[in-house]
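A.B. asks: Okay, here's what each chain looks like letter by letter:
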Amino acid sequence: MVGHWNGLKIFQIRIKMKEKKKSKVFILGPIAPNFISDSIAKHISNKEIGAHDIFLGQVRKDVLGNNIVQAIEYSTYEEMAEVKFYEIREAAFAKFEIICMHIYHSIGIVNAGEICFFVFVSAKHRNMAFEACRFIVDQVKVSVPIWGKEIFEDKNFIWKENI
Amino acid sequence: MDMEVKLFGSLSEMFGKSILKVNDCYDIKTLKENLFMEYPELKNCVFLISVDKKVVLNNQKLEAENEIAFLPPFAGG
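Here the protein sequences come in this chain order: A and B.
Quick note: to get my numbering, add 14 to the position in the first sequence (first position is 1).
Counting from 1, position 37 in the second sequence corresponds to residue 36 in my numbering; the numbering is continuous, with no gaps.
It should be emphasised that the hints constitute simulated quantities derived from the structure, not laboratory data.
Please note that the accuracy of each hint is not assured.
[Unchecked claim] If you only want the chain B side, here are some residues facing chain A, beta carbon under 8 Å, derived:
hint, residue
1, K5
2, F7
3, A68
4, L70
5, P71
6, G75
These figures come from a predicted structure and were not determined experimentally.
Every residue gets a Cβ at the ideal spot worked out from N, C-alpha and C, and that includes glycine.
When you get a sec, could you build the whole thing from the sequences and use the hints?
C.D. replies: Shown next as structure tokens:
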């Protein structure tokens, strides 16, 4: 009886963890360097991992004609983005021998020089980590509904488009 | 049949709203034709159409409960 109860409790905690994980991709504002180092530190307990690959996207101070980009304001279609992130995750695990992966993307304003995108892939060996990381980054760029308004120093803006 | 089309990014800015109300659109083709007639400026916009969070490239039937969205070019990452 006690065992059954414990089992149920663990099951409920697992469901909660899954739900929490699902909604954790988007971060309001820039991704702090401390958040990235904390993420690295969390992997210390997994001794199977032999290689991590990390991709960081940073907002560029582009010069477009006479305009200088000061920040990007990101927005999303969150319900569809969640489906896409899930599909990318499933595809990455099916395609590559990776141990774990995490994707974080900013929403709202991110100033030039700040981090807006963080992909963290861990595997036994480096090649799998490299390949999977590239795949995930490319997939996020082409298939996740995220929009970015490039705001210039004079507060005018244009809508950014991925090439 | 009353339906709603969700707008995002540059499209929601252009229309000044995030939802367009449409009716009597039984498939994607009619939906596009009706909206192009009502809002000719939409013809010059580049966007994908999603139905129930999946991008749809060909014509397909629409039901009242479908979640339709117009998606301008993505810029994530």
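A.B. asks: Indicate, hint by hint, whether the structure satisfies it.
C.D. replies: How the hints compare with the structure:
1. K5: OK, holds: K5/B within 8 Å of chain A, min 7 Å.
2. F7: holds (5 Å)
3. A68: Since the shortest Cβ distance to chain A is 6 Å, the answer is holds.
4. L70: holds (5 Å)
5. P71: holds (6 Å)
6. G75: holds (3 Å)
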